[in-house]
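Q: Modelling step: build the complete structure from the supplied sequences, incorporating the hints.
Chains as they are written, first to last, in full-length UniProt numbering: chain A, 1 to 530; chain B, 1 to 530.
A few of these clues could be false.
Identical chains share a label here; the pair holds if one copy fits it or two copies do between them.
Stated by the list, open to error - Taking lysine to any residue and the SDA-like style, the derived pairs with C-alpha atoms no more than 25 Å apart in a straight line are:
#1 K351 - V216
#2 K87 - V419
#3 K479 - I237
#4 K25 - I62
#5 K477 - F145
#6 K477 - D239
#7 K25 - N58
#8 K417 - M437
#9 K292 - N67
#10 K434 - P38
#11 K512 - G235
#12 K35 - F129
#13 K321 - I423
#14 K108 - Y50
#15 K502 - E107
#16 K512 - P501
#17 K512 - I237
#18 K368 - G187
#19 K502 - A96
#20 K25 - K384
#21 K479 - G227
#22 K109 - A59
#23 K103 - I376
#24 K279 - K302
#25 K479 - T94
#26 K279 - K368
#27 K324 - E420
#28 K279 - P38
#29 K109 - K292
#30 K87 - S53
Calculated directly from the structure, the hints in this document are not laboratory data.
So you can see what is in the structure, the chains are spelled out below.
There are 2 protein chains.
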Amino acid sequence: MLLQNSHVVAQQNQATANIPNEEIKFTADMYPHLKRNPNFKNLSQDDISYFQSILPSNALTIENDSNQDDLTPYNVDWLRIHRGKSKLVAKPKTTAQVSNIVKYCNEKKLAIVPQGGNTGLVGGGIPIFDEIIISTKNLNQIRAFDPISRAPDDWVIPSFEVGNKGTLICDSGCILEILDDYLAERGHMMPLDIGSKGSCHIGGNVATNAGGVRYVRYGSLHGSVLGLEVVLPDGTILDNLSTLRKDNTGYDIKQLFIGSEGTLGIITGVSISASRRHKTINLAVLGLNSFKSIQDAFITSKEMLTEILSAFEFWDAQSLKLVKTHLNQGAKFPLDEYPFYVLIETGGSNKDHDEEKLANFLETVMEKGIVENGIIAQDNTQMKSLWSIREGIPDACAKAGSAYFYDISIPIPVMYKIVEDVISRLKNAGLYGKPVMDVIGFGHVGDGNLHLAITAESYSPKIINLIESCIGEWTEKYKGSLSAEHGLGLMKAKILKNSKPKAMVDIMRQMKHILDPNGIMNPYKFFPYK
Amino acid sequence: MLLQNSHVVAQQNQATANIPNEEIKFTADMYPHLKRNPNFKNLSQDDISYFQSILPSNALTIENDSNQDDLTPYNVDWLRIHRGKSKLVAKPKTTAQVSNIVKYCNEKKLAIVPQGGNTGLVGGGIPIFDEIIISTKNLNQIRAFDPISRAPDDWVIPSFEVGNKGTLICDSGCILEILDDYLAERGHMMPLDIGSKGSCHIGGNVATNAGGVRYVRYGSLHGSVLGLEVVLPDGTILDNLSTLRKDNTGYDIKQLFIGSEGTLGIITGVSISASRRHKTINLAVLGLNSFKSIQDAFITSKEMLTEILSAFEFWDAQSLKLVKTHLNQGAKFPLDEYPFYVLIETGGSNKDHDEEKLANFLETVMEKGIVENGIIAQDNTQMKSLWSIREGIPDACAKAGSAYFYDISIPIPVMYKIVEDVISRLKNAGLYGKPVMDVIGFGHVGDGNLHLAITAESYSPKIINLIESCIGEWTEKYKGSLSAEHGLGLMKAKILKNSKPKAMVDIMRQMKHILDPNGIMNPYKFFPYK
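A: Set out below in structure tokens:
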């Protein structure tokens, strides 16, 4: 699910991995309205000496004449769109170290950017100017896991690990896939799964309230995160690593940090609910004639697959064409050409029951003419192959030309109307066909989350303006959101003012002010616009 | 699930319904440390005239010489433990009216208590002194429902009601059961179910973050509430009635109000996720020899019933004995005597599959000797009868004598150890047998939520102190919570200081201060202790 969610030239996605570092523009030059806050201190030799006194040398990367490339992986985002000018990266191994660094920075008014796996899509995790980067990469220990498992025969009053709650406590820098693999060995699973799982950090997932393909079943991190440990902007360690499913003693303060994108503190520990892993997984891919049929198929799946439905994704014919043209996996797609495709995944505890439910579902939707054709994956290899087609769409766009990606939350019936309207407006403006080549829609039907991508011969402000005004009208009319799952960060900060009532934005600003009166924590993000 | 969750004389539960109003102590006299805040204005004739100018006469109840009984249902809580001295109840019908009242009160520094169905268990919804009561009872309109249903054949771009999101928007004073019945007719359900559903308001549920018997499957309101409309303490209407499943544009401010018990504002509208109703429901009741066996049965149910498990409740032999002795429904219990009982409910989409899963589960746990005996309810009547035994336990306690109720969140293996320890300490203190008669444990196994009740000949501070110190030690040792699902309100406010880290309580106080600088909103609750 690694998508850019605003106007970004596609070459900067896959292809740009080869752009020499020095050719990536400094972010500060791209956003001329952003000025370095003069209240922030410049890093001095004294500051460096202090950090050297509290951290081992391998936990610090400090710019000097010969090592500028060492800072690049932290100063440049993985999409290679943004480039900051930080001169110091701290990689603490303990919460106490994080606290010491932050406390010092707050006293000296040194600005900070917290950084996880640097897989963000909106420029929220990279510095703009010379902010100090605090990377969570060395905060990588699993602290405790409490499976739902049979109590030992010599059962006595238990330690944490046999509390039967199905909960994991870990450092915030643990990589999502490593956590999921760890849980898989123990019969459990993480409640979220996103394309960047091989490098994203759980702390970053929580800080950005990440969505992904398991969301339709397991819901938001606001429900599955049970507790957090956070270093506040003044260095205070907020220890709330509860594993209780229920606790009604006071305001649920941890919720504030979920989705705050590092602007209110640095998450150092996470306690999260980890369900039992499905015993049996099935996957079907369907060919359909209209987006109305997709809706009917979705409704039928809610009726017939209800409790075992784990994913309901769609893409259109043009998406598949791009994958077939630009990626090897396209050749393996088993269905003929249809205007739309749907991928359904089920997960349950009884193989026979799940297979019967899925077969009944398929029979029903085909008999009723909702679905033209459908197949069930025969083995794990075919499942992976089908997922790779869905997940390959952004890469295929990137290879096709300059691509623009958007991430929209909108009522399901409206989802594809937006794609059609963008095409129609591009045609009216004489831009369709050339320079615009493809306009495609795909995404998470069950969550009303559309990913819209446009490929073109080149990047053009005219195209961007046309698309943005079109999407803006639709989300405003249907109370949608211009960032369903990717956050505000740097690139989308401008939409905050118009997407939320003023009273709400005012409360957000007040929260920020009481927790971070010096504004040192991830500045220039979220609130740069008055 | 209507439990008192702290030391309360049982006659005050059921039996006390007949206590004459004048015999119920004024709360201010019971809590002598609480002093009326002298900054609050006394209600004047001018104030009354203002309220009369903005509200119709049937939306106001104002104390005069002849109508003091009219105010009693608002001044006295349903448990008939607490009694306030409010002289004015406002029952606005619109959010604008709520806003006007609150704005005026804030300007004049008139204190306010928001009140829903007055079914709270910790004295959070009643006045202590002369606070003005704002009741949500006339805010009772369902605003919109968007089912997951087939799109009409003449499908065009839809209105809200055919967005296929499965979401309900309603006024905060809607009664939970009325909402659930409304949804039942449309094939959906509310994500929560509690014993007081016949009179509690959805706004009160959200304000207290209510739990209940569907929690094990549908989780917390922090996950299922999609948006809120709140009148802030300065009268501002915060309109955030989003129905989007995903929206990552800014801090999730609505989370602050979930569980804030009316101390940060008055919830006037709720947008909530409403799942499809189960097509088929099954219920089993089991007899077991030990709490370890309950755990093994729970783990096996997570393995074999996984996606259809809707409730996993337990009670002990003494609980059943009380029900059999004091309530009619006890006679209908179908199992012989065992030390423990478990009630399991499943809900799914396929009758045959669910029945097979439940039968396999029962066979397994009986073959393995985990469960001694078990039966599956044969029809709806037997299901209701079995539920009524579980739900009758608190009533039975109340009829047995003076009863003390507690509500504890704790790791599952420890749940019943607390009950055993309380018995042991009472024995050592020479209090068991007489004056204490019964010590029983029951509750929501799946959520690690124990309800502990003690019946005794009379109310005694000695017993209370012994129980509270015992429970306090267990919850401290196992990082539990002394309020799993009932909130702090008035009665539990004292535990806040010790149950959360100081840094967290400090943030709570700051949140309260920025939203309610005059402290008019539900004073004396939550933060009375420095």
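Q: Next, verify each hint and record whether it holds.
A: Here is how each hint holds up against the structure:
1. In this homomeric assembly, K351 and V216 come within 25 Å of each other (Cα to Cα) both inside a single copy, at 21 Å, and across copies, at 24 Å.
2. Taking CA atoms no more than 25 Å apart as the test, K87 paired with V419 passes in neither setting, with 43 Å inside one copy and 59 Å between copies.
3. Within a single copy, K479 and I237 get their C-alpha atoms only as close as 38 Å, which misses the 25 Å cut-off; across copies the closest is 18 Å, which meets it.
4. Only within a single protomer do K25 and I62 lie at most 25 Å apart by alpha-carbon distance; the minimum there is 21 Å, versus 68 Å between protomers.
5. Taking the closest pair of Cα atoms, K477 and F145 come within 25 Å of each other only across two copies (18 Å); inside a single copy the shortest separation is 45 Å, beyond that limit.
6. In this assembly of identical chains, the alpha carbons of K477 and D239 lie at most 25 Å apart only when taken from different copies (16 Å versus 42 Å within one copy).
7. Taking the closest pair of Cα atoms, K25 and N58 never come within 25 Å of each other, the shortest separation being 29 Å inside a single copy and 67 Å across copies.
8. Taking the shortest Cα distances, K417 and M437 sit within 25 Å of each other inside one copy (19 Å), while across copies they are farther apart (68 Å).
9. Taking identical chains as interchangeable, the C-alpha atoms of K292 and N67 are never at most 25 Å apart, the minima being 56 Å within one chain and 60 Å between chains.
10. Proximity of K434 and P38 under a CA criterion of 25 Å is satisfied in neither setting, with 46 Å inside one chain copy and 73 Å between copies.
11. Taking CA atoms no more than 25 Å apart as the test, K512 paired with G235 passes in both settings, with 15 Å inside one copy and 22 Å between copies.
12. Within a single copy, K35 and F129 get their C-alpha atoms as close as 9 Å, which meets the 25 Å cut-off; across copies the closest is 53 Å, which misses it.
13. In this homomeric assembly, K321 and I423 come within 25 Å of each other (Cα to Cα) only inside a single copy, at 17 Å, whereas the closest approach across copies is 71 Å.
14. Proximity of K108 to Y50 under the C-alpha cut-off of 25 Å is restricted to the intra-copy arrangement: shortest distance 11 Å within a copy versus 53 Å between copies.
15. In the homo-oligomer, the alpha carbons of K502 and E107 lie at most 25 Å apart only across protomers (21 Å), although the nearest pairing inside one protomer, at 32 Å, exceeds that limit.
16. Within a single copy, K512 and P501 get their C-alpha atoms as close as 17 Å, and across copies as close as 20 Å, so both meet the 25 Å cut-off.
17. Proximity of K512 to I237 under the C-alpha cut-off of 25 Å is found in both arrangements, the shortest distances being 17 Å within a copy and 21 Å between copies.
18. Taking CA atoms no more than 25 Å apart as the test, K368 paired with G187 passes between copies only; the shortest distance there is 21 Å, against 38 Å inside one copy.
19. With identical chains, the CA atoms of K502 and A96 are at most 25 Å apart between copies only, with a shortest distance of 17 Å across copies and 37 Å within one.
20. Taking the closest pair of Cα atoms, K25 and K384 never come within 25 Å of each other, the shortest separation being 37 Å inside a single copy and 68 Å across copies.
21. Proximity of K479 and G227 under a CA criterion of 25 Å is satisfied inter-copy only: 12 Å between copies versus 31 Å inside one chain copy.
22. In this assembly of identical chains, the alpha carbons of K109 and A59 lie at most 25 Å apart only when taken from the same copy (21 Å versus 54 Å across copies).
23. Taking the shortest alpha-carbon separations for K103 and I376, neither the intra-copy value of 56 Å nor the inter-copy value of 60 Å comes in at or below 25 Å.
24. With identical chains, the CA atoms of K279 and K302 are at most 25 Å apart both within one copy (21 Å) and between copies (12 Å).
25. Only between protomers do K479 and T94 lie at most 25 Å apart by alpha-carbon distance; the minimum there is 22 Å, versus 43 Å within a single protomer.
26. For the identical chains of this complex, K279 and K368 are inter-copy neighbours only, at 21 Å across copies versus 31 Å inside a copy, given an alpha-carbon limit of 25 Å.
27. Taking CA atoms no more than 25 Å apart as the test, K324 paired with E420 passes inside one copy only; the shortest distance there is 22 Å, against 66 Å between copies.
28. Taking the shortest alpha-carbon separations for K279 and P38, neither the intra-copy value of 57 Å nor the inter-copy value of 63 Å comes in at or below 25 Å.
29. With identical chains, the CA atoms of K109 and K292 are never at most 25 Å apart, being 55 Å at best within one copy and 55 Å at best between copies.
30. Proximity of K87 and S53 under a CA criterion of 25 Å is satisfied intra-copy only: 17 Å inside one chain copy versus 65 Å between copies.
In this structure, the hints that do not hold are numbers 2, 7, 9, 10, 20, 23, 28, 29, in rising order.
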